[in-house]
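S.K.: Protein chains in written order, with my numbering: chain A, 39 to 406; chain B, 39 to 406; chain C, 39 to 406; chain D, 39 to 406.
Check each hint, because a few of them may be wrong.
One copy or two, either will do: identical chains are not told apart, so a pair holds if it fits within one copy or between any two.
Said to hold, decoys possible - Derived pair list, reagent style DMTMM-like, types lysine to aspartate or glutamate, alpha-carbon separation capped at 20 Å:
(1) K59 <-> E104
(2) K346 <-> D101
(3) K349 <-> E134
(4) K189 <-> D209
(5) K59 <-> E111
(6) K84 <-> E201
(7) K349 <-> E300
(8) K233 <-> E356
(9) K189 <-> E313
(10) K84 <-> E104
(11) K189 <-> E201
(12) K189 <-> E300
(13) K349 <-> E73
(14) K346 <-> E300
(15) K113 <-> E76
(16) K137 <-> E111
Note that these hints are calculated values from the structure, not bench results.
Each chain is listed here by its residues.
Protein chains: 4
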Amino acid sequence: MASNTFGTIFRITTWGESHGKAIGVVIDGCPAGLEVNEALINHVLKKRAPGQTPYTSPRKESDQAEILSGTYEGKTTGTPISILIPNRDADSDAYEPLKHVLRPGHANFTYLEKYGIFDFRGGGRASARETACRVAAGAIAQEFLKSHNIKTLALLKQVGSIEASTPFPFDQTLGLIESSPIYCPDLAAGESMMKMIQQAAENGDSVGGIVEFWALNLPTGLGDPIYEKLDAKLANAMMSLPATKGFEIGSGFHAASMMGSEHNDAFIENEGRVETQSNHAGGVLAGISTGMPVIGRVAFKPPSTIRKAQKTLTRTGEQAAWQLPAGSRHDPCVAIRAVPVVEAMLNLVIADALLMDRCSQASYSPVL
Amino acid sequence: MASNTFGTIFRITTWGESHGKAIGVVIDGCPAGLEVNEALINHVLKKRAPGQTPYTSPRKESDQAEILSGTYEGKTTGTPISILIPNRDADSDAYEPLKHVLRPGHANFTYLEKYGIFDFRGGGRASARETACRVAAGAIAQEFLKSHNIKTLALLKQVGSIEASTPFPFDQTLGLIESSPIYCPDLAAGESMMKMIQQAAENGDSVGGIVEFWALNLPTGLGDPIYEKLDAKLANAMMSLPATKGFEIGSGFHAASMMGSEHNDAFIENEGRVETQSNHAGGVLAGISTGMPVIGRVAFKPPSTIRKAQKTLTRTGEQAAWQLPAGSRHDPCVAIRAVPVVEAMLNLVIADALLMDRCSQASYSPVL
Amino acid sequence: MASNTFGTIFRITTWGESHGKAIGVVIDGCPAGLEVNEALINHVLKKRAPGQTPYTSPRKESDQAEILSGTYEGKTTGTPISILIPNRDADSDAYEPLKHVLRPGHANFTYLEKYGIFDFRGGGRASARETACRVAAGAIAQEFLKSHNIKTLALLKQVGSIEASTPFPFDQTLGLIESSPIYCPDLAAGESMMKMIQQAAENGDSVGGIVEFWALNLPTGLGDPIYEKLDAKLANAMMSLPATKGFEIGSGFHAASMMGSEHNDAFIENEGRVETQSNHAGGVLAGISTGMPVIGRVAFKPPSTIRKAQKTLTRTGEQAAWQLPAGSRHDPCVAIRAVPVVEAMLNLVIADALLMDRCSQASYSPVL
Amino acid sequence: MASNTFGTIFRITTWGESHGKAIGVVIDGCPAGLEVNEALINHVLKKRAPGQTPYTSPRKESDQAEILSGTYEGKTTGTPISILIPNRDADSDAYEPLKHVLRPGHANFTYLEKYGIFDFRGGGRASARETACRVAAGAIAQEFLKSHNIKTLALLKQVGSIEASTPFPFDQTLGLIESSPIYCPDLAAGESMMKMIQQAAENGDSVGGIVEFWALNLPTGLGDPIYEKLDAKLANAMMSLPATKGFEIGSGFHAASMMGSEHNDAFIENEGRVETQSNHAGGVLAGISTGMPVIGRVAFKPPSTIRKAQKTLTRTGEQAAWQLPAGSRHDPCVAIRAVPVVEAMLNLVIADALLMDRCSQASYSPVL
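Bound conformation, chain A alone (with noise of 0.2 Å):
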């Protein structure tokens, strides 16, 4: 309902430009009793950094956060968590000659033409850096999954049309995930991206990609009908993600070329519980967390912000070119920074339809 939160009981509030003097988040709503601190925030944060690989943009966010509220002896108190992350190596000088000029597939027209004022500096608010906020939140999000036993991951599924093999466990797959650079547990298809990446850097140019998203032990009964089924919120979350242009759970686009008979998932027995024998679903139906896993992807284009030349327009309509300024920095394939970014909203929007399902029947056991 404001645009800088997110979530309804577990919510977030973001704030901050790029070239600010830092960028922030503040969450509400994560319950009373949960150990948290710095040290794994800036572990998940680390992730999203760039600067550390070839493969995304060599601008060097070493990103500390410092916790300024909420927590008492390291557990929370269920007062609001503010978190601070000051920015750094922010040089807004190069963008100066571009401040009137529109950049293509970029915010400022459309912010220009909303508000009528646009902090042009590194992309103000509509940069790719405020989803550090987003992170530094998904990792205490996460904490509290951890403690229901619930396990999340997301991966580089696709870069351009190479697309990644994913066959393996959970754990397995975790543990592929952190020796690729970039964040792909299909090692050769990773090779292969790679190489494909420096060339678009190479060229200038930039590269679009896919990340899959795993969400292992949720409970039954997890999401809203009718308007907060946990896949739309999962849609919601992951779409707001910038560069995103699509997003699918289960079988997704897929579905469309199948027929029901192939696409039901048979009801089975496994060891006690119900469970399916595949998982078309994704791990919802109607709306709602069946205990199988949760899988999904989401599309992002290549980044707009390329080092070739591009035909545009001034602010006042003349013809104009935008042009990176030399010496600035971009990423060639947004995808790869994304994964721990698609893990952060995954982790959010589960946290959050935990708490909210904790109101939907008439009894409940307080535990103090």
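Chain A is already provided as a structure; the job is to place chains B, C and D on it using the hints.
M.R.: Leaving out everything else, chains B, C and D in the frame of chain A:
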């Protein structure tokens, strides 16, 4: 935030079960002074009604909406508009023996797990019948859009792997849609789709599909960063529909295999307006409308209700089969009837964004 | 956020005008598994109905609520509960000549200024008739509270300057309220109040009053800091009622002339529970329930609708008089019929707080 | 909905504990194009700061707000405005021995019951220090109101049973307030109040008070029926402040002893505008502004923190005494420092209502 409410300013709350006394919707936040009546609602409801062609369920729902509040002398007054649609032709008895059988691909398992109780009759609250309420509300939203000169449509883009070609401008496309019993403007492709659907129906099976939506003449500036992006709201809206598995906007999943130099839409001037040469963005940059057509697609799975017997469990874990009762009705391809529903959600999202956008700048000029 | 919705988890959306076809309420977020039926709603509605004593308006509203959705086999299912109350005995003709006359103390001026249109018939949406919907929803909320052993009541505390004495415990007080036609448990004071009201009615005038509410057996911990304090929510709820001018909790306005050493409630132990010796706090510390009785008061102005002619303007600015049409009905003291409405709002606020509180700690034990 | 967020369109989220590193507020929904800076925030913060007179706590809070985001070249951009106020002069050690003692009239009992954990240092999140964030945000809201020619103030109306007379027009009253160390425009009454406060302080005791607020030049039409009434929002806002026990608007509790013929405000014409002869309504009819001054009052209890020893229990139920540590500081009358806070909440509520009102009619004229 509430599971049965959608929208921020222009917001709907729907209620009702498939085989209850009635279903309905309360529209709150519809601006005052808009001319509305029951005829315009019933006109659109008819597009969603089954039983009109061989390609949809023969259940007769000659829905007649009644406006119970919120208008005076034919105009909205700013107070909530309550619309009631009585349920008719609902026969619950046939389903009685299946009451305790988990229905593959359906809601009863997850609702039972979440709430411990489920009104199984005709799918209860999880029935697609709820979407009639969305269509009714969408008809009111569309009147609001028309008063701003905004045009919207939806069409059947794909059934199985048969894809429709949609090269024509808005008005011509709209005419073609209206002349097709399955809302497909590509009449040749439509013929093949109809054959495929009939074949599936005859086999007691079902088939998936894709619906596409268009919105033209949007002002620039609709949609609020960061978490109220226009495309994120659309994704949320569409993925809240029953049977959806995917959403994409503009280039969509295809963006993953594109290069930035190819994907970026160049800004050009056209009759004094800023436009873009291509529209891979789908009318949205950084979550805010560019003024170019907003175009996206929604994937629908093949309906889970088929005539073929399916392996499953009872609620208490015994092996069982789920089979549609003799004489019962089902939709072989839900994507057809989803067309007016997708259009309704599109109208609701844009109406809400139009109202939200009034708050974005410090100054504005009231009308009265 | 929406003007016709109240509550966060247990939330109601009301609709309908005084002289329209019907009024109604949709309850969303009521937990599943609660036994409810129309009889319990109609029982409470009767307490609010006018026409039963000489102290309220003779308009006959033998309201019969109909539950249209949300229950199955006598229990709530977690889906929205839609309740409809048909309007009867509504005669709009008498008001027709006053259509364009600004009614002193009433809503037509402000609604016209805000919306440019007003359904003037019987007060339209601004009529206190809307509160019947709150009472219907409050009856459901009360069932939820009863399942948690929470007891609530409201009583007529003051009319004019006649104040009731309320020294008795809950059950005795409840009995006395039910034996009084004006819900005043101090029968002697009640006699004087009734005389005063009758006198006002005979003079074509009206009189103000104060309603007090009590809630017992609340668990500690209800209410969320900082902006969802239990007392702030109660203030919001009560001040959203028609004709209210003030709200206080515990010591209320009298606190202004107390000393801290006098006001502070000492903590004591009583049968193993922490209690306070006095209860100036009114059961709430820092916005969170202490477990002591929640007690507060709501001030109602004398109804603006009186039989005496009143100086005013027409909508176009000409001098005019507003006088109740001959034969028309009005309430000489709105505080009487406000008693069950205040109780309803109390129930709604506590039900919501109970559900919200389930989310405050990291661990909890689900029931199913 | 979230306990640390207030407002619908113009909304604030506050965070921080009394003795943490900092406190802060994120303002979301402030329209773009408004001139704001740190000086105007710090100017108002100073009015709330203690340590300036003998009538407030000697804790030195020379608060310096820092704007971390949301402005560009001195103007708001429509993105969230993050304001940080570092904590200084916070000594937690003195309170250490009282860590497990229930503090009468204070938050530690209820927070512990709710969350199982409490940052007791200086009152933690429950400290009135949180209100500095409201004041900072209110200063921004006031700039927005000024751009609409709306004037607001708050004043100390009553201390103990000493009541101030406030017969003067706005500007004169404002001048008198600014010349009073306790914000009381009745200088004679103010003298008596100061004596009373000093006496209470010397006795180690505290005293209650009442704050009055005024808002002038509101357009007609602000406030949304039914649950977003302007007075209900004000009640919610004011009762969310620490130490409040009551709220009233216009005639307030006095309305209970008035007759309708006396209370109704006659509509008159004044220089082409519709006004009312009296203003018992307090500028609001049916929850919507009439254009007349919005006037109300807020009751504050005597601060619970006093120097006198108080009987209580430890957290584990043993008898104990709570006594302010030697050298610790407290406010003998919280109503004084509440004056700028009440004004801040008034500004926030009206700013929000101004923005919400833009959505009430079908047509409007954008500025850009």
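S.K.: When the structure is checked against the list of hints, which entries are broken? Sort them ascending.
M.R.: When the structure is compared with the hints, numbers 2, 6, 8, 11, 12 and 13 turn out to be violated.
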